[in-house]
Amino acid sequence: MTGGTAIGEPNTTAIVFFFIFVALTLSITYWAARKTKSTEEFFAAGRSISGRQNGFALAGDYMSAASFLGIAGLVSLSGFDGLIYSTGWLVGWPVILFLIAEPLRNLGKYTFADVVSYRLRQTPVRIAAAIGTLAVVAFYLIAQMVGAGNLIRLMFGLTYETAVVIVGAVMLAYVLFGGMIATTWVQIVKACLLLGGALLMSVLVLAQFNMNPVELFAAAQEKYGEGVLAPGALISSPWEAVSLGLALMFGTAGLPHILMRFYTVPNAKAARQSVFWATGLIGFFYLLTFVLGFGAMVLVGRELITSVDAGGNMAAPLLAEVIGGTGLLGFIAAVAFATILAVVAGLTLSGAAALSHDLWVSVVRKGHADHGEQLKVARVATVILGIVAILLGIAFKGQNVAFMVGLAFAVAASGNFPAIVLSIFWRKSTTNGMVACIIVGTLTSLLFIYLSPTIQVDILGNTDALFPLRNPALITIPLAFIVGIVVSLLKPEPEALQAYDKKERQMILGVPAE
Amino acid sequence: MSSDTAALRSLAQKRWRMALTLSAVMVAIYFGFVLLVAFNKEGLGTLIVPGLSAGIVLGALVIVLSWAVTWYYVRWANAHVDDEIARLNQSNGGAQ
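One line per chain: the protein sequences are H and A, in this order.
Per my numbering, numbering of the first sequence is gapless, rising by one per residue and ending at 1705.
Per my numbering, numbering of the second sequence is gapless, rising by one per residue and ending at 735.
Fair warning: there could be bad hints in the mix.
[As the list claims (entries may be wrong)] Taking lysine-lysine pairs in the DSS-like style, the calculated list, with each CA pair at most 25 Å apart, reads:
id, chain 1, residue 1, chain 2, residue 2
1, A, K680, H, K1414
2, H, K1694, A, K653
3, A, K653, H, K1619
4, H, K1557, H, K1694
For the record, the hints were derived by calculation from the structure and aren't laboratory data.
Because the structure is a prediction, the values reported are computed rather than measured.
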């Protein structure tokens, strides 16, 4: 017992719900495995997912344990400041809808590199895009695996290493045998569980406040002062706020595991519908995190939350215990576990697509790989990534990896997003320009984060940091755009220019018969 | 063929105009909020009624407006783009 909570002890309800979830998802995988016979089925679910289903799956891919546990914790400890993240993580979705979703669906097969490299020279663009993809996937995977290890250790009483291996093994079973079909349905099941769980908790919290959120906020204000309802210390400078906002808004549109989902629907119209659903579901979820965060602040109290986990990550499970006993705690614990499993599966699949489709099939084999070989390579790449995920999880044990998701968003916003936008919208973009854009965006965001206070002061313990901003997007996004444009203008590529009309036609009209 | 290309070009331009306008609207909404967070902390802390600060209302409003803009685009595209794409694909017939 840690100060009056059952967290940290094996919880029968949690274990039962977890086994039900794993049994259900593995039977889905068994069903999906029999339908997964081609590369198109493995990476794109045979383009058979409907707009609404894909909307739920997108929401499942996006609502990671970081946003469920992390934002609820952040709001419970800092109040209003946590809402900056809630809103920032949503506003990227309309941008995806307007600029990316439909052209991406019409132009590509499995990865966003398909879109950038269309009409350009394949080899250099594919290599650059694979670097951008794998960098984002690696940072995101580290954050998820370390989070999974800690969470499961706290909730199920397993050792950290066991937890990481279980997550890796179950996830590999989904992806390896069931490919995108299984991964999609795991995401849909998980999205429903997570939304259902968050909704149930919100109703139980609000029931104690006459179903009126304002009374809940007023109680928080009474307990911890007016400061909880106003911007506070989390955002230290205006530039920091703007830079974080840029990374959140444009990072979503450069996340490879999100972009990949647009290939699972039959056409651009369905891609459009799926973002509409995803935006609605994710926005609703983030509105619920307002209630959960403030609920935990009032009903659990900051002292208990920080005594269990200094970062506040256990706020939502603690709240579940207070309002629904160990039964609800167990259910929420199992939901959080399922959430991590599903996100890790999506990440692994997108990393495997970059390795096999972009690097092996397009670069090494120059597009001359038959279907059997493509599928075999895809599965080998999946196994490699699964093992890498487990090793990374164990290697980063005990490290503070909260900044890893920020890193993933910064690389996605600075490396991948500018290249996708320029190659779609700008006729004069060239091979050299897009390669320079991805490489400069990726490397400068890595470099600036290394030089930032997050690494230099918080982790290495130095007194000063060379680069003042914790989030580099304010500098690196414009820089990547400028480099992409200048390099393209320096040496025009006539073949690429000529091919733009064909690209534009396909981008608007799609490929009528596939 | 040339009238087909012209129709395609005008459809493309119409779509990009709408996409860029709505993206600008989203950027304005969100960065309006972020700039208030950055430069007007007291203003956002103003209580409208006890328990409800201007900041919380605006934060929730950003989420609701994101929905509204998304809904508007989907409705617009369903009404103005899909038919034209179908028509162009039809007239393009067996060419593909």
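Now for the hints, and whether the structure bears them out:
Distance restraint check for A:K680 and H:K1414: the Cα-Cα separation of roughly 21 Å lies within the 25 Å cut-off, and the hinted pair is therefore satisfied. Between H:K1694 and A:K653, the direct Cα distance comes to roughly 17 Å. Compliance with the 25 Å bound is thereby established for this hinted pair. With a C-alpha separation of about 20 Å, the suggested pair A:K653 and H:K1619 falls inside the 25 Å cut-off, and the hint holds. The suggested pairing of H:K1557 with H:K1694 holds, with an alpha-carbon distance near 21 Å, which does not exceed 25 Å.
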